[in-house]
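Produce the complete structure using the sequences and hints provided.
Protein chains in written order, with the numbering used here: chain A, 164 to 429; chain B, 164 to 429; chain C, 66 to 381; chain D, 66 to 381.
Worth flagging that the hints you see were computed from the coordinates, not collected in a lab. There may be inaccurate statements among the hints.
As the list claims (entries may be wrong) - Stretch by stretch, here's where chain A covers chain C in the computed footprint (C-beta under 8 Å, at least three residues):
#, segment
1, 113–120
2, 146–157
To be verified - Computed list of chain D residues with no C-beta within reach of chain C, every gap over 12 Å:
#, residue
3, F95
4, K221
5, S312
6, D353
For each residue, glycine too, the CB sits at the ideal point set by N, CA and C.
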Amino acid sequence: MRADHRGVLLARRVFSPGFFSVTFQAPRLARDVSPGQFVMLEIAGRLRPYLRRAYSVADADPAAGEVEFLVKTIGPGTATLESLAEGSEASLLGPLGNGFSLAGLGRGARVAIVAGGIGAAPFPLLLRAMRAAGVAGDLYLGGRNAAELDFRARFEGLVDGETVLSTDDGSLGEKGFITGAFARRAAAAPSPYARLYACGPMPMFAALARVVEPARIPAEFSTEAAMGCGFGACLGCVIPGRDKPFVISCVEGPILPPQKIDWGRI
Amino acid sequence: MRADHRGVLLARRVFSPGFFSVTFQAPRLARDVSPGQFVMLEIAGRLRPYLRRAYSVADADPAAGEVEFLVKTIGPGTATLESLAEGSEASLLGPLGNGFSLAGLGRGARVAIVAGGIGAAPFPLLLRAMRAAGVAGDLYLGGRNAAELDFRARFEGLVDGETVLSTDDGSLGEKGFITGAFARRAAAAPSPYARLYACGPMPMFAALARVVEPARIPAEFSTEAAMGCGFGACLGCVIPGRDKPFVISCVEGPILPPQKIDWGRI
Amino acid sequence: METRLGPLHLKNPVVTASGTFGYGLEFTEFVDLSTIGALCTKGLSLAPHAGNVPPRICETPAGMLNAIGLQNVGVKSFLEEKLPRLRELGATVIANVWGDIEEDYVAVVGALEDAEGLAAIELNISCPNVERGGMLFGNSPAATASLVARVRAATKRTLVVKLSPNAPDLVESARAARDSGADILSLVNTFVGMAIDPVTARPRLSFGTGGLSGPAIKPLAVRMVFQVARALPDVPLMGIGGISDLSDVLEFLAAGASAVQIGTANFRDPGVSGRLVDELEAYCRDRDTTVRSLVGRAQRAPTGGEVPGGDAGAEG
Amino acid sequence: METRLGPLHLKNPVVTASGTFGYGLEFTEFVDLSTIGALCTKGLSLAPHAGNVPPRICETPAGMLNAIGLQNVGVKSFLEEKLPRLRELGATVIANVWGDIEEDYVAVVGALEDAEGLAAIELNISCPNVERGGMLFGNSPAATASLVARVRAATKRTLVVKLSPNAPDLVESARAARDSGADILSLVNTFVGMAIDPVTARPRLSFGTGGLSGPAIKPLAVRMVFQVARALPDVPLMGIGGISDLSDVLEFLAAGASAVQIGTANFRDPGVSGRLVDELEAYCRDRDTTVRSLVGRAQRAPTGGEVPGGDAGAEG
Ligand SMILES: Cc1cc2nc3c(=O)[nH]c(=O)nc-3n(C[C@H](O)[C@H](O)[C@H](O)COP(=O)(O)OP(=O)(O)OC[C@H]3O[C@@H](n4cnc5c(N)ncnc54)[C@H](O)[C@@H]3O)c2cc1C
Ligand SMILES: Cc1cc2nc3c(=O)[nH]c(=O)nc-3n(C[C@H](O)[C@H](O)[C@H](O)COP(=O)(O)OP(=O)(O)OC[C@H]3O[C@@H](n4cnc5c(N)ncnc54)[C@H](O)[C@@H]3O)c2cc1C
Ligand SMILES: Cc1cc2nc3c(=O)[nH]c(=O)nc-3n(C[C@H](O)[C@H](O)[C@H](O)COP(=O)(O)O)c2cc1C
Ligand SMILES: Cc1cc2nc3c(=O)[nH]c(=O)nc-3n(C[C@H](O)[C@H](O)[C@H](O)COP(=O)(O)O)c2cc1C
Ligand code: FES
Ligand code: FES
Chain A
164 MRADHRGVLL ARRVFSPGFF SVTFQAPRLA RDVSPGQFVM LEIAGRLRPY LRRAYSVADA
224 DPAAGEVEFL VKTIGPGTAT LESLAEGSEA SLLGPLGNGF SLAGLGRGAR VAIVAGGIGA
284 APFPLLLRAM RAAGVAGDLY LGGRNAAELD FRARFEGLVD GETVLSTDDG SLGEKGFITG
344 AFARRAAAAP SPYARLYACG PMPMFAALAR VVEPARIPAE FSTEAAMGCG FGACLGCVIP
404 GRDKPFVISC VEGPILPPQK IDWGRI
Chain B
164 MRADHRGVLL ARRVFSPGFF SVTFQAPRLA RDVSPGQFVM LEIAGRLRPY LRRAYSVADA
224 DPAAGEVEFL VKTIGPGTAT LESLAEGSEA SLLGPLGNGF SLAGLGRGAR VAIVAGGIGA
284 APFPLLLRAM RAAGVAGDLY LGGRNAAELD FRARFEGLVD GETVLSTDDG SLGEKGFITG
344 AFARRAAAAP SPYARLYACG PMPMFAALAR VVEPARIPAE FSTEAAMGCG FGACLGCVIP
404 GRDKPFVISC VEGPILPPQK IDWGRI
Chain C
66 METRLGPLHL KNPVVTASGT FGYGLEFTEF VDLSTIGALC TKGLSLAPHA GNVPPRICET
126 PAGMLNAIGL QNVGVKSFLE EKLPRLRELG ATVIANVWGD IEEDYVAVVG ALEDAEGLAA
186 IELNISCPNV ERGGMLFGNS PAATASLVAR VRAATKRTLV VKLSPNAPDL VESARAARDS
246 GADILSLVNT FVGMAIDPVT ARPRLSFGTG GLSGPAIKPL AVRMVFQVAR ALPDVPLMGI
306 GGISDLSDVL EFLAAGASAV QIGTANFRDP GVSGRLVDEL EAYCRDRDTT VRSLVGRAQR
366 APTGGEVPGG DAGAEG
Chain D
66 METRLGPLHL KNPVVTASGT FGYGLEFTEF VDLSTIGALC TKGLSLAPHA GNVPPRICET
126 PAGMLNAIGL QNVGVKSFLE EKLPRLRELG ATVIANVWGD IEEDYVAVVG ALEDAEGLAA
186 IELNISCPNV ERGGMLFGNS PAATASLVAR VRAATKRTLV VKLSPNAPDL VESARAARDS
246 GADILSLVNT FVGMAIDPVT ARPRLSFGTG GLSGPAIKPL AVRMVFQVAR ALPDVPLMGI
306 GGISDLSDVL EFLAAGASAV QIGTANFRDP GVSGRLVDEL EAYCRDRDTT VRSLVGRAQR
366 APTGGEVPGG DAGAEG
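Here you go:
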């Protein structure tokens, strides 16, 4: 059930400048969250940022009562998190959103996970669930340069499959966009992948949609929109839809199949 | 010279709930400040509180490069200071204001210091200056109850004279207002006191003015007004004056003789 | 805590503001809807409405801008899918309505007239009157008067008219609404504002401008409530604008509001409305006073202090 | 960084706002006055003026309210004690002036006419016109036109007219000022607001109401600058309202301001104006662009995005 959980900051791990993870003590949240869900986070008593910020739960340890977030610093909200002293409190409103689905994937099934930059955030928790369900998967990680992919260390031991890296400048892995690397492998008929899970910027999703729709690969995109509330009250987070004008991404998503999004209006 | 000094929080000492002292590393400020002067303090990157807050420098150690403030928690500004993590930074704009004067007090002179509650803040530094100048002084400390005077511990070893305490509820020292305790001793003719230094709420000053003006005891009141800037730019901090409509308390004060204030318009 | 606003009786003065509380059902895990004074629904139109393309919101210092574009499910599905559940939950419901022309308002109000479990209608007059070339109903006392009179004639329900702070003369608009049959005035709606991305130089909202809300507008809203309460002491007011905690509630009551509406704060803190009911109750108990006696206290306080030769400059 | 506003040439577009920068001399330890575009003096009247009784200021969310009451040393002592030192320091000075009746303005402007080292006059029209029963000069286009015309006739100097955001129709006021001879428009002055102590229920300012300033008003000020720039593209504008950092400066330039004024931020951060000059210079260097080419960029950006059937509701 959704609630406003009190979280105490236990630890911060910095991967490279502006890329870090924070782990909070929040037992009920750690128990209730499922892969792909997010929280709206607030640091008490602050007028800046004024609105809460959305963060996918990157990993959860129900036994220890801990939840972890993978974060990239962009503005006041993420910067506050970056400088928050250990032991400080935050309120974590969640779990919110629909989450990823493993339904219909039998043991031994193989999937692809494509992440653009910090879009990798929700996948550690998904990889755990896949392992439990006996689902294998290749991880495609793309970033601007090697430094922006240092957080890949967070995925060590979690991937039951290949890990493919790419950078825009070629400083690590293949040179170019990760969507290209994925397309080359997924294109093969029959496709090696029973499903695609992806998270990243909208242009990446649009490129992926052009690959998976013709190839009939079912896909789940973890979409991102500016969110005022995170639970369906403000209607600020809508994404142009195909079968209706707008999808309310915080409650109908954030995980959406490409078929629900009107790419022409993005 | 006035400047916006970077201060690093070294230590906090809590005397009783809501009464504490904070010590910052700020070498140039520690060197330049004189008794009775204040700083406008801001904790970086916060929109709340929006304006800086004024704090008298309670003590300064030029050798160690440290300045200390005695604080009572009232609202967002003081609350932020109360919860500020050690090692955090603040900007300290100062030293500001005119400060107390020991001019005209020869060695062996005796003065009175009257403080209402947290009004005691500026006096540790003044007491050091008095000792250096060979000036003795009795300290009158008044508060609501015993707990609100726990910070008197901060004055141990600093007073070359008597320490007189009073509380509204009689839980410590004499019962009643500290102004009464002072009046009974100061009234004696000739008055034992060559000068009065006082800090506290306006009603306390008004009461003291009624004692010292007839008795012709020179006095210096450390006044308090809501301050927008602290350096004469906003004209927000004025106090009704006698020889002109308003005194700009942040630059003409905060230390003012009762003769400059129009008590009838307070 | 019982609160009377003319014909409207609420169990307490804490109401949630339109568009910031969804249809109430989004908040059931955070607030027991039966405990708050009332909730105002998202603005309802006759047909479902899609609203503006994103981005629709952005953050500003101590507030936010929104240009949702009045997206709503339409009055029909509100009556079929939302209102029955709100009734079950024991919520006191105020239906906020809007339209492009007077007939739209009349039609929506007509559709709601026989619905069971509606406490009042709130007219959002901060909408572009397409017949008048998009000029907002709320921005001319004449347009306001004409609209309110039409709606008044179309319903027996308690009628709340929600004022726009962008009106050239707020008191005139308030008087026009009152004289045309409003039972209660709620104020304020959002202030038209704009934010521009410094690097791309494009407005942060696709619509260009948006409505400013949140703590940032509180001093402006308090002044407007104070001003309208002074000009129209007989009209019950609901104060709105940046209310986030108990002291904000007390501030609006002191200014002259008989009840308050909590808006943007619901996004940050979905449980805030229920908590404010408890805190206000405790406050009244501790000081053994009543909500009613807290209303308009500032109206009686002396102001305007200046020295001889002092001017009335409220600015600078 | 050279900035032209009609007849006024500044070395850069960063100006400090009246009443928030004293007479400049309070800031010499924090800013080299010769490096900023210009400074606007505290509002000057013919005679020294005492102002309102305290409390005169209070904090609000992301801003402050003030009712200083235009306390100032008077034009005579400004000319004798302040201006000469400002000249020595190489400051570019804009004299902000005000009065209770038109004659007062004319008299102050007359007293300044032959002073050496004044770059321009800025008229604060947000003052109560005592002849018109205290109605503010800035709140009626007619009163604005009449005042500006009188002053225009009385001076050869560059004339800046500072608009009040409380005017019923800002664009009309702007047009009236322009048509009556204003060379430049500066906007905005403070918004009339109010804060009430929740416990005592007394207004926090002795004057009752006060002028709201600071980041809280930025989205409203940006919208107003954008709107006036669109309506009067030929009039040079100085944008004012909550500017605290470089991105705020860029935002106002993009909206259509040729220069900006930094106000309340000077209280929190007395060195901010000098720093913004450096930061803006660095920004232009890095992107090798000019300030001029940053002006009005948002005017050219497409806006108003809505879906078919989407309405123009800027509020909700
Ligand atoms: C469902 C969901 C899950 C998310 N999960 C994560 C996560 O796990 N880790 C994480 O680091 N972030 C995540 N985000 C993104 C995160 O919420 C934003 O980066 C954050 O709101 C930025 O806030 P800020 O105050 O730091 O910057 P803001 O001041 O909000 O933004 C600064 C500037 O960057 C722009 N901006 C805002 N958001 C983004 C963005 N996402 N990408 C690029 N520019 C942006 C803004 O328009 C503004 O111009 C998620 C977002 C959503 C909707
Ligand atoms: C020159 C000067 C020196 C000062 N030195 C010290 C010092 O050394 N130690 C210290 O603790 N404080 C000192 N103060 C007072 C201190 O600045 C205020 O207490 C502080 O501004 C409160 O800020 P806040 O945000 O915590 O509360 P605010 O939100 O600013 O105030 C909360 C409420 O308390 C009221 N209030 C504000 N200030 C006071 C006050 N001083 N007393 C009672 N009510 C008030 C406000 O009107 C408001 O209603 C000094 C003030 C001045 C002008
Ligand atoms: C304390 C204070 C005093 C002011 N005095 C004047 C004044 O004398 N004349 C004037 O035209 N504007 C005056 N202003 C308005 C400012 O010049 C500026 O227009 C307004 O504060 C908005 O800008 P800001 O949000 O950056 O402060 C004053 C503002 C403040 C806060
Ligand atoms: C996202 C959002 C949507 C809103 N939608 C509506 C609406 O549909 N109808 C309406 O009358 N007011 C609407 N409002 C205005 C609020 O009801 C309220 O009047 C305003 O936000 C000021 O209050 P606040 O500062 O507490 O948010 C909306 C406000 C926000 C922030
Ligand atoms: S974020 Fe508020 S409705 Fe989705
Ligand atoms: S505090 Fe600004 S002038 Fe004194």
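These are the hints, each one checked on the structure:
1. Residues of the segment 113–120 of chain C with a Cβ under 8 Å from some Cβ of chain A number 5, which satisfies the need for three, so the listed coverage holds.
2. Evaluation of the coverage hint for the segment 146–157 of chain C: breached, as 0 residues show C-beta separations to chain A shorter than 8 Å, against a requirement of three.
3. Consistency note on D/F95: stated as away from chain C, and its beta-carbon is indeed over 12 Å from all of that chain's, at 21 Å minimum.
4. Non-interface status of D/K221 relative to chain C is upheld: no Cβ of that chain comes within 12 Å, the nearest being about 26 Å off.
5. The beta carbon of D/S312 is not kept farther than 12 Å from every beta carbon of chain C, the shortest such distance being approximately 4 Å.
6. At roughly 15 Å from the closest C-beta of chain C, the C-beta of D/D353 stays outside 12 Å, upholding its exclusion from the interface.
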